[in-house]
Amino acid sequence: MQELYIILSIRSRGIGNQLINKAKEYEIKCGWDRNELEAPNTGEWSKILSFYKREGFQELGLRLRCNLN
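Heads up, the sequence shown is in this note's numbering, so the first residue is 1 and it goes up one at a time.
Hint data in this document are derived by calculation from the structure and do not stem from the laboratory. In this text the structure is predicted, and so the values were computed from the model without any measurement. Be careful, since some hints might not be right.
For each label pair, taking beta carbons as the anchor points, the in silico distance ranges come out as [said to hold, decoys possible]:
#1 Glu3 <-> Gly56: 14 to 20 Å
#2 Ile15 <-> Arg63: 19 to 25 Å
#3 Ser9 <-> Trp45: 27 to 33 Å
#4 Gly31 <-> Leu8: 32 to 38 Å
#5 Trp45 <-> Asn69: 27 to 33 Å
#6 Trp32 <-> Leu8: 28 to 34 Å
#7 Gln58 <-> Glu3: 28 to 34 Å
#8 Ser9 <-> Gly31: 34 to 40 Å
#9 Cys30 <-> Arg63: 30 to 36 Å
#10 Asp33 <-> Arg11: 28 to 34 Å
All C-beta atoms in this analysis are idealised placements derived from N, C-alpha and C, irrespective of residue type, glycine included.
Given the sequences, and given the hints that come with them, work out the whole structure.
As structure tokens, then:
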């Protein structure tokens with residue numbers, strides 16, 4: 001996943017969750033076994049990091065991975 005950004009005025013409405021779930025469905029359909037992304041600095045962006053962790057991603061330094069199976 002290159003980048004995921006939700007406009008500030010419409011955050012916390014479940015849109016990010018829906019996009020992540022659609023991406024996971026597509027990736028599974030393609031036979032991929034994981035999704036990796038880079039996250040911003042944890043000190044400045046702890047809320048974003050928490051979001052990805054709730055979505056099943058595991059922190060690997062500045063990268064996160066979500067196993068799809």
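Starting from the hint 32 to 38 Å, judge whether the C-beta atoms of glycine 31 and leucine 8 obey it. holds, 35 Å
Using the C-beta atoms of isoleucine 15 and arginine 63, is the stated range 19 to 25 Å upheld? holds, 23 Å
Is the gap between the beta carbons of tryptophan 45 and asparagine 69 within 27 to 33 Å? holds, 28 Å
Can you tell me whether the CB distance of aspartate 33 to arginine 11 sits inside 28 to 34 Å? About 30 Å separates the Cβ atoms of aspartate 33 and arginine 11, which means 28 to 34 Å holds.
Looking only at beta-carbon atoms, does the pair glutamine 58, glutamate 3 fall within the given range of 28 to 34 Å? violated, 19 Å
Looking only at beta-carbon atoms, does the pair serine 9, tryptophan 45 fall within the given range of 27 to 33 Å? Between serine 9 and tryptophan 45, where Cβ atoms are some 18 Å apart, the hint is violated.
Evaluate the given range 14 to 20 Å for the C-beta pair formed by glutamate 3 and glycine 56. About 18 Å separates the Cβ atoms of glutamate 3 and glycine 56, which means 14 to 20 Å holds.
Does the beta carbon distance between serine 9 and glycine 31 stay inside 34 to 40 Å, or does it fall outside? Between serine 9 and glycine 31, where Cβ atoms are some 37 Å apart, the hint holds.
Falls inside 28 to 34 Å, the C-beta gap from tryptophan 32 to leucine 8? holds, 30 Å
If I claimed the Cβ atoms of cysteine 30 and arginine 63 lie 30 to 36 Å apart, would that claim hold in this structure? violated, 20 Å
The structure fails hints 3, 7, 9 (numbered hints given earlier, in ascending order).
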